[in-house]
Each structure stands twice: as C-alpha cells, then as structure tokens.
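Novice: Here is what each chain is made of, one letter per residue.
Number of protein chains: 2
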Amino acid sequence: MSKYAIAIHGGAGTILKSLMTPEKESQYRQGLKDAIEAGEVILKNNGSSLDAVEAAVRSLENNPLFNAGRGAVFTNDGKNELDASIMRGDTLEAGAVAGVKNVKNPISLARAIMEKSEHVLMCGEGAAKFAKSIETEFADDSYFFVQARFDQLQEAKKTDGVFLDHSGEANAEENKKKFGTVGAVALDVHGTIAAATSTGGMTNKKFGRAGDSPIIGAGTYANNNTCAISCTGHGEFFIRSVVAYDISCLMEYKGLSLKEACDEVVHKKLVKIGGEGGLVAIDAKGNIELPFNSEGMYRASLKDGEGIEIMIYK
Amino acid sequence: MSKYAIAIHGGAGTILKSLMTPEKESQYRQGLKDAIEAGEVILKNNGSSLDAVEAAVRSLENNPLFNAGRGAVFTNDGKNELDASIMRGDTLEAGAVAGVKNVKNPISLARAIMEKSEHVLMCGEGAAKFAKSIETEFADDSYFFVQARFDQLQEAKKTDGVFLDHSGEANAEENKKKFGTVGAVALDVHGTIAAATSTGGMTNKKFGRAGDSPIIGAGTYANNNTCAISCTGHGEFFIRSVVAYDISCLMEYKGLSLKEACDEVVHKKLVKIGGEGGLVAIDAKGNIELPFNSEGMYRASLKDGEGIEIMIYK
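In order, the protein sequences belong to chains Z and Y. Mapping the first sequence onto numbering that gives the first Met the number 0, position 61 (from 1) lands on 60, and the numbers just tick up by one. Mapping the second sequence onto numbering that gives the first Met the number 0, position 34 (from 1) lands on 33, and the numbers just tick up by one.
Check before you lean on any hint, since a few could be wrong.
A pair counts as met if it fits within one copy or between any two copies, since identical chains are not told apart.
To be verified - Once the Cα atoms are required to be at most 30 Å apart in a straight line, the calculated BS3-like pairs of lysine-lysine come out as:
#1 Lys115 / Lys267
#2 Lys205 / Lys100
#3 Lys131 / Lys100
#4 Lys78 / Lys253
#5 Lys268 / Lys313
#6 Lys16 / Lys313
#7 Lys100 / Lys128
#8 Lys205 / Lys131
#9 Lys271 / Lys253
#10 Lys253 / Lys32
#11 Lys103 / Lys268
Derived from the structure by calculation, the hints contain no laboratory data. Predicted model, so just to flag it, every value in this text is computed and none were measured.
Between the sequences and the hints, there should be enough to build the whole structure, so can you do that?
Specialist: Encoded structure:
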C-alpha cells in the first residue's frame with residue numbers, strides 16, 4: 000500500500016500579519032484544519048483522492064471565511080456567482096461549472112457534471128437547470144449572506160473597484176490584491192491524484208466575468224503521470240498562462256521535478272507578466288509544493304504518518 | 000519584410016463526399032475563399048495577424064453555412080448560444096466569451112473583452128451587458144434563424160440527441176459527429192501570429208454547455224515563440240487534453256516542429272482517448288499544418304506569393 004497525502008489552499012494575496020487579529024488568525028487556521036481533516040479521513044480509510052479533494056473543498060465552501068460557496072463575495076448586482084472545477088488524474092476526466100447561483104457546494108456540481116453528463120463545462124442558468132435535474136442541494140440567498148462580504152461590496156462600489164479579495168479587514172487597496180479561491184490536491188493509497196478548485200470570484204464583479212477556477216488546464220489539472228494542481232490568484236493571468244497544465248508539461252516534456260516546475264511557473268513566468276497568486280501541487284510520489292508569489296497564502300498540507308502543517312504567511 | 004500566411008477552418012467531422020451535392024460543395028468552397036481573402040487583404044497591406052484572424056472569422060460567422068454567428072445551431076430551447084475566443088502571440092493577451100446570445104459577431108466581442116476590459120472571459124447575460132456597454136452590434140432572433148438549423152433541432156429532439164453537427168444533409172447518426180466551429184490562424188509581416196475561434200456549439204444542447212472554443216489553452220492559443228492554434232472537434236476531449244497549449248508545449252519544451260507536435264496531439268493523443276476533430280496551426284516562420292482525425296475538415300490556407308488552397312475531404 001502506498002502512502003497518501005493532501006494539500007489545500009484558502010486563497011492567496013496581501014495577507015499581512017500586521018492586519019490580522021489573533022482571533023481571526025485562529026479561525027482561519029481552524030478552517031484549514033477542518034478542511035484537510037475532512038480529506039484525510041477519506042484517504043486513511045483507503046478512499047479515493049477524488050472523494051478527498053471534494054470533501055476538503057466542500058468544507059471550505061461551507062465556511063463563511065473563505066471566498067467559495069457560502070462565503071462567496073458579492074457581484075455588482077448583489078448576487079453570488081460560483082465557479083468550480085475538478086479533475087481526476089487516472090482517467091483525465093474533468094467537470095466544471097461557471098457562474099452558477101444558489102448551489103450550496105459548487106464542487107459537487109462540478110463532479111456531477113463530470114460523472115452524470117456527457118459534458119465538461121456548464122455555465123450560468125443552464126448549469127443550475129442541470130443541477131436541479133440531479134437533485135443538487137440548493138440554498139437561498141440568505142445562506143450566502145455574510146455581513147463582511149456585503150460590507151466589502153459597499154466599499155468596492157464607493158470607488159467602482161473590483162476586488163479579488165476574500166477578507167474584510169484590510170483597506171480597499173489591499174483588498175484588491177487578495178485572491179479568494181479554495182482548492183485541494185491529493186494522492187490516495189491507490190496511487191491516483193486529483194485536484195479541485197472553487198471560488199466566489201471578485202467582489203463587485205460585472206459582466207459574468209470568470210477567472211481560471213472553472214478552466215481545466217488553467218486553474219485545475221490532474222494527471223497521474225505528472226501532477227495535480229489547484230490555483231488561486233489573479234485569474235486573467237492564470238488563464239493566459241495556462242498555469243496548471245504548464246506545470247504538468249514542464250514535468251512531462253522537459254523532465255523537471257514538481258518543485259522545479261512550480262518554481263519556474265509561479266516565481267518566474269507569472270512574476271514576469273505581473274500574475275500574482277499561488278497554487279497547491281502534488282505528484283504521484285506524494286511530493287507536495289505550495290508556491291506563491293504574493294504576501295501570503297492560506298494553506299495546509301499533510302502526509303501519511305506526519306502531522307498537519309498549517310501556514311498563512313511567507 | 001517577412002512573408003505573411005493564413006489558415007482557416009469551418010469545422011471537422013464526418014463530412015463525406017458521398018453525401019455532398021456539387022452545389023453545396025461549391026457554396027462551402029466559396030465561403031472558405033471569401034473568409035481567407037478577408038484575412039489576406041489585411042495581411043498583404045501590412046495589417047496585423049489579429050485583424051486578419053478576426054476578419055476571416057467574421058466572414059465565416061456571417062455565412063449561414065457555418066456553425067458560428069448567423070449560422071449557429073439551435074439549443075434545446077430554440078436559442079443560439081455563441082462562444083468565441085481570440086489570442087495574440089506577441090503579448091499573450093486573450094479574450095473570450097461563452098454562452099452569449101444575439102451578438103452578431105462573437106469574435107469581435109471576444110476581442111473587445113481582451114482590449115476594453117480587465118478580463119479574459121465573460122459568460123452569458125453578463126457578457127451581453129458588457130457588449131451593450133461598448134456598442135457591439137446585436138441582431139435579433141430572425142437574423143439567426145436558418146431553416147436547415149431549425150430542421151436539425153427538430154431532428155435532434157426526436158431522439159433527444161445532442162448533435163455536434165453543422166450540416167443539414169446527413170442523417171442523425173452522422174450529424175452527431177460533425178463539429179461545427181470556425182477558426183483562423185495567421186502570421187503577419189511583422190512576425191506576429193494570432194488565433195481566433197467561434198462556434199454556435201451543439202444542436203439541441205442543454206444546460207449551458209460550453210466546449211473548448213471559449214477556452215484559452217484548449218480551443219485557442221497563440222504565442223510567437225511557438226504557434227497559433229484554432230481547434231474544432233468534440234470539445235469535451237479537447238478541454239481535457241488542453242489541445243492548443245499542448246501543441247505549444249511540445250514545441251517549447253520538447254523541441255518538436257509544428258508538424259511533429261500537431262501529429263502527436265491530433266493523430267496520437269486525441270485518437271487514444273476518442274477525441275475526434277482537427278485544428279489549424281501556424282508558427283512564426285509561416286509553416287502551416289491542418290491536421291484532423293475525422294473524415295473531413297472544411298479548411299483553406301494561403302501563403303504570401305502562393306495561391307489559396309481549399310480542401311474539404313482527406
């Protein structure tokens with residue numbers, strides 16, 4: 000039996016210790032701990048990496064602290080538009096949803112699209128129709144109402160700004176540089192890796208904008224021959240750079256290790272074009288990388304037989 | 000001054016000579032000729048590859064024979080949902096739109112998203128709102144009503160099938176295996192390449208399904224260091240395989256030529272997972288490849304100083 004491993008993130012950006020209260024920090028750490036444990040319990044019982052990344056992301060979606068699911072930020076018209084994607088590294092099957100509303104756990108909808116439809120990507124109201132046809136759990140607007148998020152929208156509207164933020168305590172300028180997305184990658188004892196990503200997008204966003212989170216190859220990718228990746232960052236740059244698949248290709252075609260490939264993409268190629276953010280990465284040997292080029296990234300990792308590591312700052 | 004070159008496609012699939020009338024074939028050939036000439040006139044006057052691919056795709060979008068723009072197939076609820084994306088190889092800037100309705104030329108909206116917004120991808124009604132804010136040309140439902148497409152929808156509904164088809168004359172089984180998408184790649188005399196793709200998706204599609212056409216890295220990619228690619232095929236497989244960027248990575252990281260990379264992806268990797276379709280590809284030296292693993296692909300290419308080549312079958 001091989002060993003299992005899992006890593007998760009709760010977003011990256013200008014997360015500064017000077018702006019964090021001990022109480023808030025402890026809540027974030029607890030949220031990360033709960034999520035990674037939700038994945039771990041599956042892996043240690045010989046469950047699949049797909050089940051584990053879904054469970055970890057569901058936990059983060061259910062936590063109002065993180066910008067995904069319940070804690071999703073508000074769009075310009077006061078709604079929550081949710082994006083998510085999931086991929087398994089053994090069959091290269093994938094599912095994704097963009098701009099869906101009132102779905103409690105978008106990551107589970109992405110998985111249902113992968114498993115119960117012929118499609119990979121569904122958008123907007125059409126995706127909600129599919130969700131209804133398969134008895135997905137919906138939640139009304141009040142479930143998604145988080146006061147801190149609502150305050151962020153009012154703040155953003157004052158300057159007509161679009162915030163990538165997922166935190167309420169910093170000022171507007173800093174809020175613009177926080178990338179609220181959650182995600183997980185895992186290796187199961189059967190040797191298969193998987194990746195999952197979910198987000199509420201940008202505060203005050205207009206025009207049905209989607210970032211990299213629902214894009215297979217950009218925000219999410221998994222392939223047993225190389226790696227599983229879940230990204231968080233300024234989505235436009237991550238799409239143009241096809242970040243997740245780029246790391247896979249650097250390993251497959253150039254022979255780089257997981258660490259070398261992550262360094263190349265996150266610390267060189269993305270920095271060069273001004274693409275701020277980070278990602279969690281795993282390979283089929285259980286190596287884990289958690290690179291980011293921003294001030295901080297909410298993240299946690301765990302390997303079979305070792306303790307949980309939870310980190311926020313550099 | 001370098002030489003220019005351009006290649007276009009009007010979809011791939013089970014396009015059989017035995018099912019084509021001489022009249023129909025001549026209409027398709029004329030449509031391809033008009034489109035490539037719309038791009039050529041820009042390139043030979045030292046215009047940009049970006050302008051050329053947009054002009055070629057607009058011409059195909061305006062032609063009811065092809066499944067994009069005016070000739071888009073009908074969704075299950077009798078609408079036309081349009082996807083498009085565009086990318087320039089010098090700056091790696093990109094724009095894309097998914098599931099927009101009543102926009103006359105989705106490729107020009109994708110370009111406007113690239114040039115007039117901070118975003119790369121917009122979806123559905125939000126994208127239409129953006130389009131209105133920048134005075135995009137809209138057309139009412141009657142513009143998009145093409146009898147042959149409407150007949151296809153009725154045919155598809157009989158069996159609850161979802162057709163990737165863009166042609167009206169074959170039977171239902173064959174219709175399922177036609178991938179109606181249009182696209183163009185070009186090299187301008189300044190040495191820059193660009194790619195553009197546009198589609199009306201699948202006949203009788205439900206649930207806001209999107210294929211690879213609006214996905215940067217999957218259906219469209221351009222990078223002066225490697226290649227510009229526009230795909231047409233069974234979109235789900237093209238997304239999972241990150242087809243366009245895979246060809247770029249095989250060139251950049253493994254040192255393959257454009258032809259070798261196209262062969263590897265279209266004739267080996269896609270065939271292995273059952274992914275039917277094709278693509279048009281160009282590199283910064285003006286090499287052109289038009290690979291497909293289906294029965295046929297509507298396609299045309301042209302190099303500075305040489306005549307237009309127009310092809311349909313193998």
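Novice: Against each hint, give a clear statement of whether it holds in the structure.
Specialist: Evaluated hints:
| no. | hint | in the structure |
| --- | --- | --- |
| 1 | Lys115 / Lys267 | between (39 Å within a copy, 27 Å between copies) |
| 2 | Lys205 / Lys100 | both (14 Å within a copy, 17 Å between copies) |
| 3 | Lys131 / Lys100 | both (12 Å within a copy, 23 Å between copies) |
| 4 | Lys78 / Lys253 | neither (44 Å within a copy, 45 Å between copies) |
| 5 | Lys268 / Lys313 | within (20 Å within a copy, 40 Å between copies) |
| 6 | Lys16 / Lys313 | within (10 Å within a copy, 63 Å between copies) |
| 7 | Lys100 / Lys128 | both (11 Å within a copy, 18 Å between copies) |
| 8 | Lys205 / Lys131 | both (25 Å within a copy, 13 Å between copies) |
| 9 | Lys271 / Lys253 | both (20 Å within a copy, 22 Å between copies) |
| 10 | Lys253 / Lys32 | neither (35 Å within a copy, 40 Å between copies) |
| 11 | Lys103 / Lys268 | neither (35 Å within a copy, 36 Å between copies) |
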